[in-house]
Amino acid sequence: MSRNHFRTIKKIFHLNDNSKLKSGDKPKILGKIAPIQEELGGNLLQFGTFHKKLSIDESMVPYYKHHTCKMFIKSKPIRFGFKIWMLCSSFGYPYAMEIYSGRENESSGMRLSEDVTQLLSKIADPSRHEIYFDNFFTSYNLLKRLADSRIRATTSINNSRD
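Residues 1 to 162 in this note's numbering are what the sequence shown lists, from first letter to last.
Among the hints, erroneous ones may be present.
[As the list claims (entries may be wrong)] Below, in silico cross-link-like pairs of lysine-lysine (DSS-like), each with a Cα-Cα straight-line distance of 30 Å or less: (1) 53 to 144; (2) 20 to 83; (3) 52 to 83; (4) 74 to 28; (5) 11 to 32; (6) 70 to 52.
In short, the hints are calculated from the structure, not lab data.
Using the sequences and the hints given, assemble the complete structure.
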């Protein structure tokens, strides 16, 4: 394929209808890739074999160009890119993922880490799964909510967190 042919295809290639993106007051930042993200999420759940032990953590996808969702995290091996919240098996297979595009729900009264954990733990069956996460996600309120939902969770505790 020639370079010019590739550029022509790239120019007209769309995953989502632009007229549907303007439906709300504030369009979603990642609205253009929403259909493929939903399709991928459905396929991950459909074809994955759920293990007993699940992990919630963050992942970075390297990206060096300009985008409003691009993040810089100094302590990560991949310092520039998109942050993705993931629910994975103990072997690393991803069951669910959410691309972080800024805090969406300010009125929930929960921390960002609590929102993410609540969102991703909806997939887990409380009677069959245990969820593990690091101290970024840990808070007393989150552990109480998970216990109320009968979801078993293991985490590291930091005394300075609420």
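Each hint tested on the structure:
{"no.": "1", "hint": "53 to 144", "verdict": "holds (19 Å)"}
{"no.": "2", "hint": "20 to 83", "verdict": "holds (25 Å)"}
{"no.": "3", "hint": "52 to 83", "verdict": "holds (25 Å)"}
{"no.": "4", "hint": "74 to 28", "verdict": "holds (27 Å)"}
{"no.": "5", "hint": "11 to 32", "verdict": "holds (14 Å)"}
{"no.": "6", "hint": "70 to 52", "verdict": "violated (33 Å)"}
Violation of the numbered hints given earlier is confined to hint 6; every other hint is satisfied by the structure.
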